[in-house]
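With the hints as your guide, set chain B onto chain A.
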Amino acid sequence: MMTPMSCGRAEKLMPLYAAGDLPAGRLSRAVAAHVAACASCSALAGEFRASREWVRAGGAAPEFGEEFYEGLRAGVLDQINRDTRPAAPSRLAPFFPALFAGRRLAYAASLALAACALALAFYLFREGGRPQHDGVAGGPGSGELVIPPRHTHATPEPDTKPGEQRPPHAAPRDDKQPALPKVETVGGPGYKRTPSLRRSAQPQDALPAPVLAASANDRTARDVAAATQRAETAGVARIEIQTADPSIRIIWLAPDDGEEARPGSVDPDR
Amino acid sequence: MAAEIAHTFLRSADEHPRPREAAAADPLTPLVARARAGDTTAFDELMRATERKVVATAWRLLGDREDVRDAAQEVYLRAFKYLARFREGEDLGAWLYRITVNVCRDAAERRRRAGHVAAASDEELERAAAGFENFAETGDAEQEALRAQQRELLRRGLDALPERERAAIVLRDMEGLSTEEVARILNTRPVTVRSQVSSARAKLKVYCERLQRRGGLR
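If you're matching them up, the sequences are chains A and B in order.
Using the numbering used here, the first residue of the first sequence is number 54, and each one after it goes up by one.
Using the numbering used here, the first residue of the second sequence is number 11, and each one after it goes up by one.
No wet-lab data here; the hints were simulated from the structure.
Watch out, some of these pointers could steer you wrong.
To be verified - Every beta carbon over 10 Å from chain A, so not counted as near; a handful from chain B, in silico: (1) Pro37; (2) Thr39; (3) Asp77; (4) Ile109; (5) Asn112; (6) Arg115; (7) Ala117; (8) Arg120; (9) Arg121; (10) Arg122; (11) Ala151; (12) Asp169; (13) Arg174; (14) Arg194; (15) Thr198; (16) Arg224.
Claimed, not checked - What the simulated footprint calls covered on chain B by chain A, stretch by stretch (three residues with Cβ under 8 Å from a Cβ of chain A suffice, anywhere in the stretch; the number is not a length): (17) 84-94; (18) 203-212.
We put the beta carbon where it would ideally sit given N, CA and C, even for glycine.
Looking at chain A on its own, in the form it has when it is part of the complex (with noise of 0.2 Å):
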């Protein structure tokens, strides 16, 4: 048996019920039956009837006339002519209608750039904040080359004092050439990990003449000095790589025995 509704009910229901718009079911019955018994409700429903018949009878829309559906047209044609075209439909759109309906595709294409985006910038942090060893592996105490940060921008003179020989593969001195820094090995006192060292972008051939790292003190240079020059005549192997910074070089001397010479470190009596 059905429950009887209230009018309350009933008088949220109305403006569909009038209109027909309740889904015909037990709710549209339970309505009616209530429109049939309550006289209240019943007048409500012919109010709703009546205003909607209002409302269609007031949206008949004018009669705009030929003139103005002409104008209308020849505006739409001139403006296209004048400016527009129609977007061309893409080659795959046959292929993935799913993908190319509405604006999927320009989402689809916003999302990936700004993955790729994302993906670049976070490459982009990651290289710029680990420091680089160009090659120079090692842990503190390890006989790793290191740079001072004190050195990293200065242009120091090089550690020759008059009278005194410059080595013979050191570049020449050159007054627009950048000054040597000074370089020193792990276990120093007061020396630090550099915080970064960045592989050089300039080629070998671009770079000043081969120079010999100075060291933090003048028997420290003039080990090196000796070292390369042994080394030369000896045909050890010299490798020399080149830090971001363009005043800084590390060279690396390895002796054809498979055993290596670390720079500044060199014994001068091997």
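Coordinates of chain B only, in the frame set by chain A:
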């Protein structure tokens, strides 16, 4: 041919056409194909076949002749521009309705921001309400004038509705589309359309009663 096509598109409001069935034998399809290829003559025919419906809908949503002209022009420019995205088998009428509703929504928003919407004056309301009651007793010329007044008052009543409710009731009660069609055009669910239409009808009924009361005071 254009007249036949127009007749197909301009089905009476009570028919409640089903777009997917209608699209199966849509005589506009060849015109769409030609217009897609850039044939402006075909597009001109397409406009002739559909312009009255577009203009009527725009008028119901905007209610101003000049605004309607601008809106209809914009509808066709957009239609031409995006014709390539119109899927074969889709109902052109529903597609144009969707563009029209969007264009009119933008236009109404611009108008609202510019403050062009004025409330009906008491005198206007009384005059129209009196005409509403004595409509059958008046002559042709007078009836036409009263119709114009009523249209204007209805437009103001519609303007007072929220955007979505206005579009829903115009498409459902004035254009005579089914709830499901309206839902497709407005990109929403039928239950939402029912709710919007119900709310709009209740508000317009109150508006209508207010007009009648003012007419009865004379």
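Against the structure, the hints come out as follows:
no.	hint	result
1	Pro37	19 Å, holds
2	Thr39	16 Å, holds
3	Asp77	13 Å, holds
4	Ile109	13 Å, holds
5	Asn112	13 Å, holds
6	Arg115	17 Å, holds
7	Ala117	15 Å, holds
8	Arg120	19 Å, holds
9	Arg121	19 Å, holds
10	Arg122	20 Å, holds
11	Ala151	15 Å, holds
12	Asp169	13 Å, holds
13	Arg174	16 Å, holds
14	Arg194	13 Å, holds
15	Thr198	15 Å, holds
16	Arg224	14 Å, holds
17	84-94	holds (count 7)
18	203-212	holds (count 6)
Violation of the numbered hints given earlier is absent; every hint is satisfied by the structure.
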